[in-house]
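Student: Top to bottom, those sequences are chains A and B. Take the first sequence: its letters are residues 270 to 667, numbered as in my numbering. Take the second sequence: its letters are residues 270 to 667, numbered as in my numbering.
Just so you know, these hints were derived from the structure itself, not from any lab. Nothing here was measured: the structure is a model prediction, and the numbers come from that model. Errors might be hidden in some of the hints.
You can't tell identical chains apart in this list, so a pair holds if it fits in one copy or across any two.
Unchecked claim - Simulated pairs of lysine to aspartate or glutamate, DMTMM-like, Cα-Cα distance not exceeding 25 angstroms:
(1) Lys630 to Glu657
(2) Lys319 to Asp597
(3) Lys660 to Glu633
(4) Lys626 to Glu604
(5) Lys319 to Glu635
(6) Lys319 to Asp646
(7) Lys626 to Glu657
(8) Lys272 to Glu519
2 protein chains.
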Amino acid sequence: MQKIIGGVTAAKGFKAWGRNCGIKKSGKPDLALVCSEVPAIAAGVFTTNKVKAAPVLLSQQHLIQEYAQAILINSGNANACTGKEGFDHAEKTAQAVAKLFKILPEQVLLASTGVIGIPLPVNLILNSLPVLVEELSATGGHEAAKAIMTTDTFPKEWAVVREINGQEIRIGGMCKGSGMIQPNMATMLGIITTDAAIEEDILKDCLQHIVNQTFNRITVDGDTSTNDTVFLLANGAAGGPKIKTGPELEAFMEGLYEVSSHLAQMIVKDGEGATKFLTIRVKGARTEEEAEIAARAVANSNLVKTAFFGEDANWGRILAAVGYSGIDFSPEQTEIFLGDLPVYSGTGLDFDENKAKMILKAKEIEVIIDLKQGEEDVTVWTCDLSYEYVKINGSYRT
Amino acid sequence: MQKIIGGVTAAKGFKAWGRNCGIKKSGKPDLALVCSEVPAIAAGVFTTNKVKAAPVLLSQQHLIQEYAQAILINSGNANACTGKEGFDHAEKTAQAVAKLFKILPEQVLLASTGVIGIPLPVNLILNSLPVLVEELSATGGHEAAKAIMTTDTFPKEWAVVREINGQEIRIGGMCKGSGMIQPNMATMLGIITTDAAIEEDILKDCLQHIVNQTFNRITVDGDTSTNDTVFLLANGAAGGPKIKTGPELEAFMEGLYEVSSHLAQMIVKDGEGATKFLTIRVKGARTEEEAEIAARAVANSNLVKTAFFGEDANWGRILAAVGYSGIDFSPEQTEIFLGDLPVYSGTGLDFDENKAKMILKAKEIEVIIDLKQGEEDVTVWTCDLSYEYVKINGSYRT
Numbered sequence: 270m271q272k273i274i275g276g277v278t279a280a281k282g283f284k285a286w287g288r289n290c291g292i293k294k295s296g297k298p299d300l301a302l303v304c305s306e307v308p309a310i311a312a313g314v315f316t317t318n319k320v321k322a323a324p325v326l327l328s329q330q331h332l333i334q335e336y337a338q339a340i341l342i343n344s345g346n347a348n349a350c351t352g353k354e355g356f357d358h359a360e361k362t363a364q365a366v367a368k369l370f371k372i373l374p375e376q377v378l379l380a381s382t383g384v385i386g387i388p389l390p391v392n393l394i395l396n397s398l399p400v401l402v403e404e405l406s407a408t409g410g411h412e413a414a415k416a417i418m419t420t421d422t423f424p425k426e427w428a429v430v431r432e433i434n435g436q437e438i439r440i441g442g443m444c445k446g447s448g449m450i451q452p453n454m455a456t457m458l459g460i461i462t463t464d465a466a467i468e469e470d471i472l473k474d475c476l477q478h479i480v481n482q483t484f485n486r487i488t489v490d491g492d493t494s495t496n497d498t499v500f501l502l503a504n505g506a507a508g509g510p511k512i513k514t515g516p517e518l519e520a521f522m523e524g525l526y527e528v529s530s531h532l533a534q535m536i537v538k539d540g541e542g543a544t545k546f547l548t549i550r551v552k553g554a555r556t557e558e559e560a561e562i563a564a565r566a567v568a569n570s571n572l573v574k575t576a577f578f579g580e581d582a583n584w585g586r587i588l589a590a591v592g593y594s595g596i597d598f599s600p601e602q603t604e605i606f607l608g609d610l611p612v613y614s615g616t617g618l619d620f621d622e623n624k625a626k627m628i629l630k631a632k633e634i635e636v637i638i639d640l641k642q643g644e645e646d647v648t649v650w651t652c653d654l655s656y657e658y659v660k661i662n663g664s665y666r667t
Numbered sequence: 270m271q272k273i274i275g276g277v278t279a280a281k282g283f284k285a286w287g288r289n290c291g292i293k294k295s296g297k298p299d300l301a302l303v304c305s306e307v308p309a310i311a312a313g314v315f316t317t318n319k320v321k322a323a324p325v326l327l328s329q330q331h332l333i334q335e336y337a338q339a340i341l342i343n344s345g346n347a348n349a350c351t352g353k354e355g356f357d358h359a360e361k362t363a364q365a366v367a368k369l370f371k372i373l374p375e376q377v378l379l380a381s382t383g384v385i386g387i388p389l390p391v392n393l394i395l396n397s398l399p400v401l402v403e404e405l406s407a408t409g410g411h412e413a414a415k416a417i418m419t420t421d422t423f424p425k426e427w428a429v430v431r432e433i434n435g436q437e438i439r440i441g442g443m444c445k446g447s448g449m450i451q452p453n454m455a456t457m458l459g460i461i462t463t464d465a466a467i468e469e470d471i472l473k474d475c476l477q478h479i480v481n482q483t484f485n486r487i488t489v490d491g492d493t494s495t496n497d498t499v500f501l502l503a504n505g506a507a508g509g510p511k512i513k514t515g516p517e518l519e520a521f522m523e524g525l526y527e528v529s530s531h532l533a534q535m536i537v538k539d540g541e542g543a544t545k546f547l548t549i550r551v552k553g554a555r556t557e558e559e560a561e562i563a564a565r566a567v568a569n570s571n572l573v574k575t576a577f578f579g580e581d582a583n584w585g586r587i588l589a590a591v592g593y594s595g596i597d598f599s600p601e602q603t604e605i606f607l608g609d610l611p612v613y614s615g616t617g618l619d620f621d622e623n624k625a626k627m628i629l630k631a632k633e634i635e636v637i638i639d640l641k642q643g644e645e646d647v648t649v650w651t652c653d654l655s656y657e658y659v660k661i662n663g664s665y666r667t
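Just chain A, with the same shape it has in the complex (with noise of 0.2 angstroms):
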């Protein structure tokens, strides 16, 4: 496998752009749209939050449908707690772009990030739409990418190219959030394209199965945005029988899982007053579902973060957060690991603090939970909590 450029337009028969079409003040790039020359075969996951913004009904609604076509993602505005009027805005921008491709609307996917509660600009949007299909280009992903950015500060894209069966394939993905730290002006959205060619169902699953082990496996501080989004297209460009089991699919879902986890980390790296990466692993759990349960809550803990911000070995901290996670585990049988240095077992080690020192001062920490009743490992990654962190989010939206 190896990687590529292009992001979202890395994948044969896919263009994009981005542009500024006056949501943000600022005049940077708000309104980014992606197609597939042909119809894409089209998954998506969303947010599990019961409040979900109008872009993301109304493109639950579109994946009803096999194919899609576009994706249209404005940034600035989340069109979420907008009620009846929000729904017709998003559906007027459906319908405008789809007419434009001389597509159904139902092929027509969205994604909305940006301010909570306030009415979509939706006239902004439309009036700028001809021009972007205009501007629509091979090699246009960067500009998509940069167009959905909100409070991140850097666009985020990857893409690789893998054989599968003598077929070159490619998969190719942009991402933005600061690490859901935001549901005001934030939110976690993903555009992955492919030139695979892949069964419906497949797709479908290998999406759900995918996104469970990177997108949902990144938190900044546990806040689930209302706007959430991951799209995959699937448009067979790259010619060759369709990929249905064994390893032509394994062979995908590791393109797959390259992609999307280096898209996911990549939040997380730029978490809103971020100074650490952390890879929180638990191993030896007699579940995943308990692994993932023990992990969540340390990384979620503000407590673990603020250790992490303050370069502490504070293992009290991580094995308490385990110890109210709600799973049910041995402490005297557990150990603890700051990189590969021991710090308890079952009781704490007189571990040597420079070490210890050294490892914390790195900006990425791995700390290993191993809990010793069973096989199962789960990583989930987050970030320190800091005082950037608090600024950003106490002084946003006044």
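Following the hints, put chain B in place on chain A, whose structure we already have.
Tutor: Frame of chain A; chain B shown alone:
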């Protein structure tokens, strides 16, 4: 019901004191003893964390007995994650107290709060005990309250007197905790005493019930300590028949609620770095459980807490937190108020930003979320999330 002074020694027949035994190098008091002149009916509620400190495990064993007569509390060391040695240390201190009072070790209860994973300096405690017993005083509640503090900025006491069946009974207590926000040097401890006469089973039920509505309804960051403990001793010194049912029991519960809710709220007000006291009330819920889940999700959301720190009327974050709490509700039906100002009713309201600013400038803010689904109503108390929180917790151990 009338507020009185005296804290944990407000009730008849109780003595207490506190002193420095050398655990805290600063010389600040770190050892407190509370005792009843006669054996008292005893009840306790403990942390639900799977990782339980030695004093918690030992006190749970001792509470199998109906009576207790002394409670020894040390601050500065949690005696948690200290293995078999830590349990032996706890047993030794209970035995030493028992010997001085000529009672059974099972009649001694223990609580510890402070650093996790460091062996308890048990000899310092044993050496100080004889003097501490000599110092015990019927007006020593305040000295005891000072000796259980860790990062608390003020001692926390409350006491009330009320008439039950023509008999005056007193309920008083003390607690410590800067909001469960530091399992490493914090923990929530509460010690309540009463001179009411009451059956053991009823006392235990009362305590569990009231703790669920008070100490269990505060949250600073969702972290649950390894040492959290609330004890209640009832020695019957007020005289009169035993409280069993009816209006007598109701009156007693009201008194216990009064003391417990004030103590619990003091913990939140002393929450580290807290600048605002937030009352999160979810009403119109179908069940008490759902109301509590929703209120707790809002109270624990870093996004909500930083918004209040920034005095930002960010109702979108409140609604989003209810949305991911896991309860089933209708965002379209829901209403949100900041104080008495409606800000959301199925869709964002065009509220007066100046009025919102006035409400948000106050030290104490009430948020009301009306789900309009039923009759249940739950209040959770919390505080905002400030720079100071990150600072204190990021730089504690090193």
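Student: Please go over all the hints and tell whether each is borne out by the structure.
Tutor: How the hints compare with the structure:
| no. | hint | in the structure |
| --- | --- | --- |
| 1 | Lys630 to Glu657 | both (18 angstroms within a copy, 22 angstroms between copies) |
| 2 | Lys319 to Asp597 | between (29 angstroms within a copy, 7 angstroms between copies) |
| 3 | Lys660 to Glu633 | both (23 angstroms within a copy, 21 angstroms between copies) |
| 4 | Lys626 to Glu604 | within (19 angstroms within a copy, 49 angstroms between copies) |
| 5 | Lys319 to Glu635 | between (33 angstroms within a copy, 24 angstroms between copies) |
| 6 | Lys319 to Asp646 | between (30 angstroms within a copy, 20 angstroms between copies) |
| 7 | Lys626 to Glu657 | both (22 angstroms within a copy, 23 angstroms between copies) |
| 8 | Lys272 to Glu519 | within (18 angstroms within a copy, 70 angstroms between copies) |
Comparing the model with each earlier hint shows no violations; every hint is respected.
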